Amino acid sequence: MSCMVSAQNPEGMHPKASFTLDNKIFDYGNIPEDGGLANHTFIIKNTGPNPLVIKQVTASCGCTTPNWSKNPITSGKTGEITVAYNPKGRPGPFSKDISVYCENANPVHLTIKGNVQKAKEGDKPKEPVFSPVETSYNFGTIGENDGYADHIFYFKNTGDAPLTITRVQASCGCTRPEWTQTPVEPGGEGFITLTFSPKGRIGNFNKNATVYTNEGNGYKRHKLTITGVVVEKPSDPIATYTDTIGGIGIEKTDLIYSTYYPMRGNKELVYIKNYNNETAYLSWENIPEYVTVNAPDSLKADWPGEISVIIDGTKTSEKRGRIKDSFKWTIKNKEGRVLGSKNITATVNYTDDFNKISPLQSVNGPRLTIKNTQLLFDNIKGGFLGFGGLVSKEFILTNTGKSDLTLHSVTSDDNRVHLPELSGKMIKAGESLTVKATVKAKELDSAIDTDIYVICSDPTGPTRKIKVSAQKAK
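So the mapping is simple: the numbering used here equals the position in the sequence shown, first residue as 1, plus 968.
Simulated from the structure, these hints should not be mistaken for laboratory data. Where hints are given, some of them may not hold.
[Claimed, not checked] In silico BS3-like links for lysine-lysine, alpha-carbon gap of 27 Å or less: (1) Lys1440 to Lys1410; (2) Lys1435 to Lys1361; (3) Lys1220 to Lys1296; (4) Lys1404 to Lys1440; (5) Lys1188 to Lys1235; (6) Lys1310 to Lys1361; (7) Lys1220 to Lys1300.
[What the hints assert, rightly or not] Derived DEER-like restraints, expressed as beta-carbon distance ranges: (8) Ser1371 to Lys1191: 32 to 38 Å; (9) Gly1171 to Gly997: 24 to 30 Å; (10) Pro1019 to Asp1128: 38 to 44 Å; (11) Asp1128 to Lys1435: 42 to 48 Å; (12) Pro1388 to Gly1030: 45 to 51 Å; (13) Lys1191 to Gly1308: 48 to 54 Å.
Quick caveat: nothing in here was measured; it's all calculated off a predicted structure. Where is the CB? At the ideal position from N, CA and C, for every residue including glycine.
Please model the entire structure based on the sequences and the hints provided.
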């Protein structure tokens, strides 16, 4: 059954939204009191000419948690309104109202109903348990213009019922949360990413995010905290320009694109300054066709400048995984004598374009969970005459989704962390893959503090990180 919603608009007013719902009433029938959340998804279709925006969805009771498509729904496309009802402690018939507020439309009311069958006497009710690996993270010192700083908090469901994160509320608009959207089965793992914007926030910061779950009849709360210090770009040239090439100070030569947008330009900005007592001339070689370098052809003595490196997402639709490209930068004087040259690298996590899939495809897509998200290699002992001294740790990648998961890459930026080649490896729904990371004692001239990056086809989290630390025994 399809329910159509539309409205006429007076002359001069914005066009009213027009959309249909697959139904307005859903009957769960009989559900067990101790069976965990009961979920249902209403499908909404935009039948009007303009994008449809769902502004808010509210429920008549705290026992009912709605979630909905946050992006505008284009004409002819569908979105989802998912409702989760918590039957624990609520035996008997129930009927709950949900109000849907769309832009340029009157509110629409949905209903879920059913009957909760009381748990048997003496049966221990099943409960989910939110168990985070950590509850706080210190970024240390970050520059105001360094771009977004993000950290992934991993958690495990140590209970015996599915765990659902209903929402995550940050204490400040400078902090954006993202989290696992699907229920986490007992023993499974999920993630919450907090992304902090340091721009205009000089000084110490302490930001909290409140995690709302379905534990304790939906009233359980957890707090995650990120802290650190935001500093201005130092004016001292030595502190600002970490390298000097041919008398040109440069802020950094390794560009890391923390976020990649398919079908768009992805830009990194680098500051430079000419410390020579004469004009320097800049040139570039081996630039890939999908990379644009905007930089001055020449730089006067003691003049600052900037270089912008843009990755064109429209030309990288076939690239997948964490990939490092390099191109050569050469500095000459006016006579053409080479003053210096160096390769500039750009590291990008190339992911699938999930804007092309529908909300329903996303729900039926793959889901990656990771067991062992921190690999600690403590006090590695060397082998005999430089041989041996190998230590390995394992982590497990599990596809808890409904379709095959593709691993685009599993790599570390530190080449002392040895990993198998897994690009293009497929993990079928419900299956797992055990991956071994190896560290060699003879390569540990200094401690390892890095990450393993997993780039995959999970639309809810295509980029994942596994922390790796190692040190040699004294």
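Quick rundown of the hints versus the structure:
1. Of the pairs offered as hints, the one joining lysine 1440 and lysine 1410 holds, with about 9 Å between alpha carbons and a cut-off of 27 Å not exceeded.
2. Distance restraint check for lysine 1435 and lysine 1361: the Cα-Cα separation of roughly 12 Å lies within the 27 Å cut-off, and the hinted pair is therefore satisfied.
3. At roughly 14 Å between alpha-carbon atoms, lysine 1220 and lysine 1296 fall within 27 Å of each other, so this suggested pair holds.
4. A threshold of 27 Å between alpha carbons decides the hint, and for lysine 1404 with lysine 1440 the separation of about 19 Å falls inside it, so the pair holds.
5. A hinted pair counts as satisfied when its Cα atoms are at most 27 Å apart, and lysine 1188 with lysine 1235 does not qualify at roughly 41 Å.
6. For the given pair, lysine 1310 sits about 36 Å from lysine 1361 by alpha-carbon distance, which is inconsistent with the 27 Å threshold.
7. For the hint linking lysine 1220 to lysine 1300, the alpha-carbon distance of about 20 Å falls within 27 Å, and the restraint holds.
8. Range check, serine 1371 to lysine 1191: about 35 Å between beta-carbon atoms, so the 32 to 38 Å window is met.
9. The beta-carbon spacing between glycine 1171 and glycine 997, approximately 56 Å, falls outside the hinted interval of 24 to 30 Å.
10. In this structure, proline 1019 and aspartate 1128 meet the distance hint of 38 to 44 Å, their C-beta atoms being roughly 43 Å apart.
11. Taken as a hint, the range 42 to 48 Å is violated for the pair aspartate 1128 and lysine 1435, whose Cβ atoms sit roughly 28 Å apart.
12. Look at proline 1388 against glycine 1030: about 48 Å separates their beta carbons, and that is inside 45 to 51 Å.
13. The hinted range of 48 to 54 Å is satisfied by lysine 1191 and glycine 1308, whose Cβ atoms lie roughly 50 Å apart.
Checked against the numbered hints given earlier, the structure breaks hints 5, 6, 9 and 11 and satisfies all the rest.
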